[in-house]
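Visitor: The sequence shown begins at -3 in our numbering and counts up by one.
Since the hints were derived computationally from the structure, they do not count as laboratory data.
What you are looking at is a predicted structure, and each value in this text was computed from that prediction instead of being measured.
Just so you know, not all the hints are guaranteed correct.
[As the list claims (entries may be wrong)] Here are the computed lysine-lysine pairs in the DSS-like style, where the Cα-Cα straight-line distance is at most 25 angstroms:
| # | residue 1 | residue 2 |
| --- | --- | --- |
| 1 | K305 | K155 |
| 2 | K155 | K176 |
| 3 | K77 | K115 |
| 4 | K35 | K49 |
| 5 | K35 | K56 |
| 6 | K155 | K194 |
| 7 | K110 | K77 |
| 8 | K35 | K115 |
| 9 | K77 | K49 |
| 10 | K57 | K35 |
| 11 | K194 | K176 |
| 12 | K155 | K110 |
| 13 | K77 | K56 |
| 14 | K176 | K186 |
| 15 | K35 | K77 |
| 16 | K110 | K35 |
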Amino acid sequence: MKRVRKHWLGVLLSIIFLCCISSLYILYKFQPLNDERVKIGATYMTMNNDFYKALHSEIKKEVDESGDILILRDPSLNVEKQVEQLDYFIRENCDVIIINPVDSSSASIIAKLKEARHKGISVVAVDSRLTDSTIANTTILSDNYRAGVMCAENLLAIKSSAEILLLEHATTVSGSDRIKGFVDTLSGRKDYHIVASKEVRGQTELAMPAVQEVIDSGIFFDTVMALNDQSALGALAAIEVANLDNITVYGVDGSPNVKMLLETTDDVQATVAQSPHTIGEEAARASYRLAEHLPFRSNIVVPVTLVTKDNIKAFNISGWQ
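I would like the entire structure built from these sequences, with the hints used as guidance.
Guide: Structure, rendered in structure tokens:
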């Protein structure tokens, strides 16, 4: 009799176990793990830039701590790819899209972001404005115009004249603002001449051959204003290959590589430090406020600082500020 009871008890326990397993399978198969999780899609013009890696790490830290979902995509400076990524974020029903646009005025990017907004997805633009200011709920960027002004003011302080090569990224508002601030500050100064400009899209591997081309053409320059530190590094490589001396080089970013050069060499005159960590923190804060349908500032401008040999000791050389 006892043996029969044990048998049926075993059968009953097996049935209960199978029911539990089946219930768990149905629960996870047919219901989302957590319907309340915030989903954020992020796409930056290129991840071939440590600035965007540092910016994104701040957002990821906040999202991971909150147990939410962050989807990262890299368009590699390709407008069509970025549009495809935006379309994916829309199909994934993201709550927020964080974008650093490949092209700030691209009709296809703007149209896809309008579609996202129409479907209730908030948009946070980082490090560059969209030319249509109505698209982003919030725009977070450095004071890019001021960065260009700072470089020009330093040039005026150290040189009584200059023959200047500009390295630009014309399709981004941030890059254009930096060059505009620089050029505007020198406007009307008859001894400061823009002798050439090159489109380098903020990339070291594009800046080096572009500067080599200017050197090979015989155009004389003694100053380089680069829209960012990566471009400045490309210029420095070309200058070194050509064995040129006494070239004054400016960048913008305050990247670890250029700060190290400032501390240990005379290759760079100055960089203007922006803070990807601050921009990332603000982007994460904005994303959560917007996901909860709470108000948030429409524009946040993060201050910038000129870094030279005179104040380099005040900065973290191995990391971003």
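Visitor: Each hint: holds or not?
Guide: Structure-based check of all given hints:
In summary, the hint linking K305 to K155 is supported, as the alpha carbons are separated by about 16 angstroms, within the 25 angstroms threshold. For the proposed pair K155 and K176, the alpha carbon gap of about 20 angstroms is at most 25 angstroms, so the pair holds. A hinted pair counts as satisfied when its Cα atoms are at most 25 angstroms apart, and K77 with K115 qualifies at roughly 21 angstroms. This hinted pair checks out: K35 and K49 have alpha carbons roughly 19 angstroms apart, not beyond 25 angstroms.
Taking the CA atoms of K35 and K56, the gap is near 12 angstroms; set against the 25 angstroms cutoff, the hint holds. A distance of roughly 23 angstroms separates the Cα atoms of K155 and K194; the hinted pair therefore holds under the 25 angstroms criterion. Of the supplied pair hints, the one linking K110 and K77 holds, its CA atoms being roughly 17 angstroms apart against a limit of 25 angstroms. Only pairs whose Cα atoms come within 25 angstroms are accepted, and K35 paired with K115 is accepted, the gap being roughly 14 angstroms.
Pair hint K77 plus K49 holds up; C-alpha atoms about 19 angstroms apart against a cutoff of 25 angstroms. At most 25 angstroms may separate the alpha-carbon atoms for a hinted pair to count; K57 and K35 meet this at roughly 14 angstroms. This hinted pair checks out: K194 and K176 have alpha carbons roughly 14 angstroms apart, not beyond 25 angstroms. Proposed proximity of K155 and K110 is contradicted: the alpha carbons are some 47 angstroms apart, above 25 angstroms.
Only pairs whose Cα atoms come within 25 angstroms are accepted, and K77 paired with K56 is accepted, the gap being roughly 22 angstroms. With a C-alpha separation of about 17 angstroms, the suggested pair K176 and K186 falls inside the 25 angstroms cut-off, and the hint holds. Restraint check: the Cα-Cα separation between K35 and K77 comes to about 20 angstroms, which is no more than 25 angstroms; the hinted pair holds. With a CA separation close to 18 angstroms, the supplied pair K110 and K35 stays within the 25 angstroms bound.
Comparing the model with each earlier hint shows a violation of hint 12 alone; every other hint is respected.
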